[in-house]
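Q: Please model the complete structure; the sequences and the hints are all you need to start from.
Heads up: the sequence lines are chains A, B, C and D, in that order.
Position 37 of the first sequence, counted from 1, bears residue number 37 in this note's numbering, the numbering being contiguous throughout.
Position 119 of the second sequence, counted from 1, bears residue number 119 in this note's numbering, the numbering being contiguous throughout.
Position 182 of the third sequence, counted from 1, bears residue number 182 in this note's numbering, the numbering being contiguous throughout.
Position 284 of the fourth sequence, counted from 1, bears residue number 284 in this note's numbering, the numbering being contiguous throughout.
Hints may be right or wrong, so weigh each one.
Stated by the list, open to error - Which bits of chain C does chain B cover? Going by a derived footprint, with three or more residues having C-beta under 8 Å, they are:
(1) 28-41
(2) 130-143
(3) 242-251
(4) 260-274
No wet-lab data here; the hints were simulated from the structure.
Beta carbons are placed, not taken as given, at the ideal position from N, Cα and C, and that holds for glycine.
4 protein chains.
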Amino acid sequence: MTQHATLGVAVIGTGRMGADHVRRISEVTSGARVSAVVDIDAERAKQLAAGIAGCTAYTDPAAALAADDVDAVIVASPGPAHEAALLTAFEHDLPVLCEKPLTPDAASALRVMEAEQRLGHRRVQVGFMRRYDAEYLRLKALLDSGELGRPLMLHNRHRNADVLPYFTEQMLINDSVVHEMDVARWLLDQEITAITVMKPRPSGNAPEGLSDPQFVVFETDGGVLVDVEIYANCRFGYQVQAEAVCENGTARIGEAHGMLVNTAGRWGGSIAPDFVERFVDAYDREVQAWVDATLRGEVTGPSSWDGYAAAAVCEAGVRAQAEGRRTEVELIARPALYR
Amino acid sequence: MTQHATLGVAVIGTGRMGADHVRRISEVTSGARVSAVVDIDAERAKQLAAGIAGCTAYTDPAAALAADDVDAVIVASPGPAHEAALLTAFEHDLPVLCEKPLTPDAASALRVMEAEQRLGHRRVQVGFMRRYDAEYLRLKALLDSGELGRPLMLHNRHRNADVLPYFTEQMLINDSVVHEMDVARWLLDQEITAITVMKPRPSGNAPEGLSDPQFVVFETDGGVLVDVEIYANCRFGYQVQAEAVCENGTARIGEAHGMLVNTAGRWGGSIAPDFVERFVDAYDREVQAWVDATLRGEVTGPSSWDGYAAAAVCEAGVRAQAEGRRTEVELIARPALYR
Amino acid sequence: MTQHATLGVAVIGTGRMGADHVRRISEVTSGARVSAVVDIDAERAKQLAAGIAGCTAYTDPAAALAADDVDAVIVASPGPAHEAALLTAFEHDLPVLCEKPLTPDAASALRVMEAEQRLGHRRVQVGFMRRYDAEYLRLKALLDSGELGRPLMLHNRHRNADVLPYFTEQMLINDSVVHEMDVARWLLDQEITAITVMKPRPSGNAPEGLSDPQFVVFETDGGVLVDVEIYANCRFGYQVQAEAVCENGTARIGEAHGMLVNTAGRWGGSIAPDFVERFVDAYDREVQAWVDATLRGEVTGPSSWDGYAAAAVCEAGVRAQAEGRRTEVELIARPALYR
Amino acid sequence: MTQHATLGVAVIGTGRMGADHVRRISEVTSGARVSAVVDIDAERAKQLAAGIAGCTAYTDPAAALAADDVDAVIVASPGPAHEAALLTAFEHDLPVLCEKPLTPDAASALRVMEAEQRLGHRRVQVGFMRRYDAEYLRLKALLDSGELGRPLMLHNRHRNADVLPYFTEQMLINDSVVHEMDVARWLLDQEITAITVMKPRPSGNAPEGLSDPQFVVFETDGGVLVDVEIYANCRFGYQVQAEAVCENGTARIGEAHGMLVNTAGRWGGSIAPDFVERFVDAYDREVQAWVDATLRGEVTGPSSWDGYAAAAVCEAGVRAQAEGRRTEVELIARPALYR
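A: Structure follows, in structure tokens:
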């Protein structure tokens with residue numbers, strides 16, 4: 001075997017997402033390898049590192065990011081740990097792929113943006129992977145082409161088979177609907193200015209205390225109405241759909257087509273059980289795009305500004321949800337670095 | 001040719017809908033014939049009657065309804081003329097198929113209900129033809145079966161290629177969304193308690209002064225949220241879709257399938273140009289059901305109560321639309337005749 | 001109730017198809033009524049007639065067709081009885097809707113055509129109801145438009161959930177594939193010149209002695225290849241599909257769309273259990289078209305020639321099936337009456 | 001940048017497929033890099049190598065395969081050059097991904113198999129990329145599960161927008177239908193025993209002398225009938241579909257779903273323009289699977305036997321096409337190495 005220059009990646013956090021990124025970088029992505037894994041659970045980090053040639057285990061992110069064979073960072077630790085990890089990466093001027101959320105609230109996201117602005121160039125790609133999904137990309141291309149005229153409304157469905165027992169009402173906004181916030185902003189190239197949350201009588205599938213499903217409406221500064229059905233315990237599978245209604249036509253993505261079966265009085269197909277199956281290609285493409293851009297010396301994709309804007313809309317959304325009324329979103333003026 | 005007993009029908013109003021009912025009764029429906037046509041335009045009535053054996057032309061509804069060969073009435077005149085026609089039909093105790101709206105407002109609808117209650121039995125079937133559409137019927141049967149659990153939300157799309165120049169913002173509610181009001185009430189077997197109307201920035205297709213499309217949300221007394229996209233100038237065709245989101249699954253109707261064509265880089269099919277093509281079978285089935293019930297001595301289908309409830313929700317809707325806020329619907333207690 | 005001129009129809013044969021036509025004429029069709037029912041089982045005829053005002057029961061077709069109140073005839077008796085019934089109808093110059101097959105073989109079909117030619121005008125519409133199916137009509141219109149270029153191939157699927165125990169291999173051709181023979185001839189406006197029947201290893205669902213499914217290929221005098229999958233015991237439902245492959249595109253009908261349901265890990269819809277559900281509208285339209293043409297004094301739809309051609313292709317098909325080789329179809333020159 | 005062990009790949013042939021593999025190995029595949037490119041056009045090879053770090057250009061395959069930094073080989077030269085390249089690779093005991101066809105005829109394929117058997121272990125993966133397509137994989141999994149019962153028939157559509165002017169009738173079999181030969185063998189795990197080729201009147205799109213489309217039927221040793229519509233000049237796009245008809249159900253893949261657009265009186269989506277768009281993921285997966293297996297020291301995927309069997313069926317197919325009759329396929333007994 002010959003030797004070849006590749007991007008050495010440190011993966012911080014080795015939970016579900018982090019471990020999946022380790023596998024992806026090792027087995028799927030071209031041009032990168034995992035040179036460091038970081039977890040506060042030293043044993044876990046060591047076990048994961050053991051299976052990868054040339055990979056070192058760390059418990060301290062700062063130590064990992066200082067290592068010679070670390071060229072770039074994936075942050076996949078819990079949200080509250082993101083700010084510290086990002087600031088450390090900035091100290092070493094390392095490119096970062098930061099899993100969403102950028103940080104848990106708008107205030108900390110602002111601090112991250114300020115630090116990045118002091119560096120004078122973008123270092124962060126936020127892990128909004130839907131922007132790398134083939135269907136969303138096709139929808140984006142169609143909207144950008146203007147072929148159907150200006151977008152007027154965006155209808156979204158976001159359905160999960162079920163959620164873990166500790167899932168709270170705020171998480172419906174912060175963990176689930178946050179994806180629609182980002183894709184709406186990205187598809188439309190507009191900011192969200194207000195948010196309303198409506199609640200039908202809860203499903204019998206909803207755990208005690210979780211009003212599930214909910215119906216969320218965003219308004220944008222371009223006058224588009226975006227509605228989102230979020231149903232976290234629908235039982236039948238994972239389904240993400242979007243329909244853009246434009247002046248002269250509509251476009252819809254997310255129908256679970258593929259193989260069509262006729263059997264036992266029914267025609268149809270299967271629904272993905274979870275986001276992993278639905279978005280596996282998007283994750284692969286996201287990470288490859290980040291590696292490719294990094295190797296070219298660029299930073300692309302969703303920025304810290306996108307992470308901040310999502311956090312600000314989430315904060316308004318949680319208030320709207322609690323108070324049962326339309327709530328306006330407040331954003332700072334967009335810094336020059338993110339224009 | 002032999003002679004055979006058939007239902008003699010007077011058709012009041014010979015505009016687009018009335019003329020179509022004349023054709024339907026004459027050529028499609030089994031067991032009925034048109035024995036009278038009524039229009040204030042005497043010439044128009046005479047021309048129409050001339051083509052039908054045994055059919056008399058009238059300008060005065062009262063004269064037509066007094067005729068010996070009139071066994072039942074279709075009211076297809078403009079809405080403001082409905083109340084008088086219905087009261088006259090009640091005088092002769094004639095069964096009526098009354099095109100929607102029952103009357104133009106809740107107050108007049110109340111008067112019609114009072115008169116019908118004085119008769120002591122139902123005489124009116126209101127022309128909400130979607131209840132006779134094969135797809136809506138299938139959706140209703142599925143919801144009633146409980147197979148998917150309790151309904152939680154109902155998403156609706158209502159798109160017209162275009163509308164006539166005199167179409168007003170109130171007509172979006174009164175003429176278009178009124179159909180979703182009725183199907184929501186019927187599908188769910190619940191009353192609508194509040195209505196909110198939201199407006200994105202209007203389409204470039206919308207005529208000056210018409211904020212089109214709009215997004216309407218109903219709340220029901222069973223806790224279901226019903227949202228309706230109404231887009232009256234979408235250019236691409238006529239499309240009516242509904243998706244019921246239930247506890248354990250969803251069901252959607254209104255995809256314009258049929259013949260699928262592959263050609264010139266595209267797969268797909270055609271979209272109905274207007275409601276006539278989309279709902280022709282529903283109209284045929286509605287009228288046949290009315291004739292059949294009448295021949296059996298029964299009155300079935302949407303009642304005056306349904307006409308009244310639609311009028312009351314429309315009134316709230318028009319207020320909600322004008323004032324930009326959630327508006328509650330006020331209904332009288334449901335009279336015994338309509339339970 | 002008033003009296004009205006309607007077409008008095010005699011229905012000969014009151015089995016499944018005949019009884020359904022009695023119901024259809026009585027309850028669905030406009031402009032006709034059942035004035036006579038004929039069955040060799042006198043009791044059965046009497047019971048059926050008893051439920052219909054002005055309807056007389058007969059055991060002898062000749063007596064029925066001589067009655068004053070019989071203006072037209074539906075022949076729904078077993079195939080071997082068709083020739084006699086048709087010849088009797090010709091004696092009275094009565095218009096006939098004859099269920100398929102016209103007669104059981106080409107020789108008897110020729111005799112019927114000769115008798116009809118002696119009358120000097122068409123009297124027979126053969127009951128190939130697919131020509132009245134909305135989807136087949138759309139496909140026919142598209143092919144006739146030339147929009148996709150000249151048709152080159154026609155792929156057909158013909159699937160039954162199951163068949164009765166007495167179903168034979170010949171019936172696969174004579175009772176099932178005969179429909180594709182007729183629609184291919186009609187869609188293409190071409191005659192079938194040769195037929196090949198291929199047999200895969202039989203399904204475990206096939207009863208002993210029935211090689212099911214089979215794969216049939218027609219060649220036409222216009223150079224089109226038509227293939228038919230006939231699978232009579234597929235268990236999952238009734239499915240009839242056709243795809244026309246033209247020079248510049250293809251068009252497919254028969255996908256069982258309608259209501260789409262998401263539930264329990266699956267998206268999809270239901271498949272019609274049998275031909276009644278799939279083709280109910282086609283039967284209604286077929287009979288209405290026959291009544292309408294008759295009231296206008298015309299004879300339209302599939303002619304005796306179409307019945308004869310189907311019989312001739314069936315005969316070749318049964319030989320091809322038995323002998324395992326391509327078999328040519330022999331037709332007489334088309335008489336002037338049927339051009 | 002750190003150094004990392006990767007598989008050094010020599011790519012022989014830098015035409016459309018070869019150049020695409022160079023790009024894939026360099027930018028998409030994990031764990032491999034291009035260390036050599038070989039083309040008889042020295043300039044072309046040099047230009048391609050210049051853009052890749054550590055890549056050497058060759059005109060002589062033998063020289064490339066002898067290089068120290070070559071660990072594995074992709075053969076993408078014209079078919080007649082495959083045998084020599086494979087034998088050279090065998091001399092160095094290098095794993096090979098050989099684009100289809102393995103060799104241009106059964107006799108040369110036999111020689112390759114004999115040489116590989118002398119090595120005593122498999123070295124060749126043949127480039128039948130459809131086996132790596134997500135939809136075909138799903139169909140294969142369903143058939144293998146037995147959920148729908150035993151397969152009885154397999155209907156295939158293979159449509160190209162157009163073909164290059166030098167495309168011959170034999171190429172319809174050898175270059176196009178060969179894919180269906182392989183997927184049929186793989187999906188069913190059965191050998192093809194006979195082949196029939198039928199020709200409708202050619203499309204006006206077909207160039208002079210090319211009878212296009214054609215309809216091909218395979219019979220298998222398991223009694224399955226496989227039909228293939230091959231239409232190489234359909235103009236509307238690239239479309240590959242397959243429907244397996246099993247005892248208790250059918251399964252279909254290849255509908256070009258994805259984004260659904262409503263516009264200008266039509267619903268539908270776009271059709272892939274060519275095989276690159278349709279099968280890009282399959283190619284990526286194929287090459288990654290080959291790299292992964294090679295790094296594990298294994299050889300998986302379609303074998304030389306599969307290449308030989310395809311060649312033998314093609315030879316029978318070309319005879320069947322020329323002579324217009326069913327032609328039997330002759331295969332040697334399957335050597336132990338390929339069981």
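Q: Which numbered hints are broken by the structure, listed smallest first?
A: The structure breaks none of the hints.
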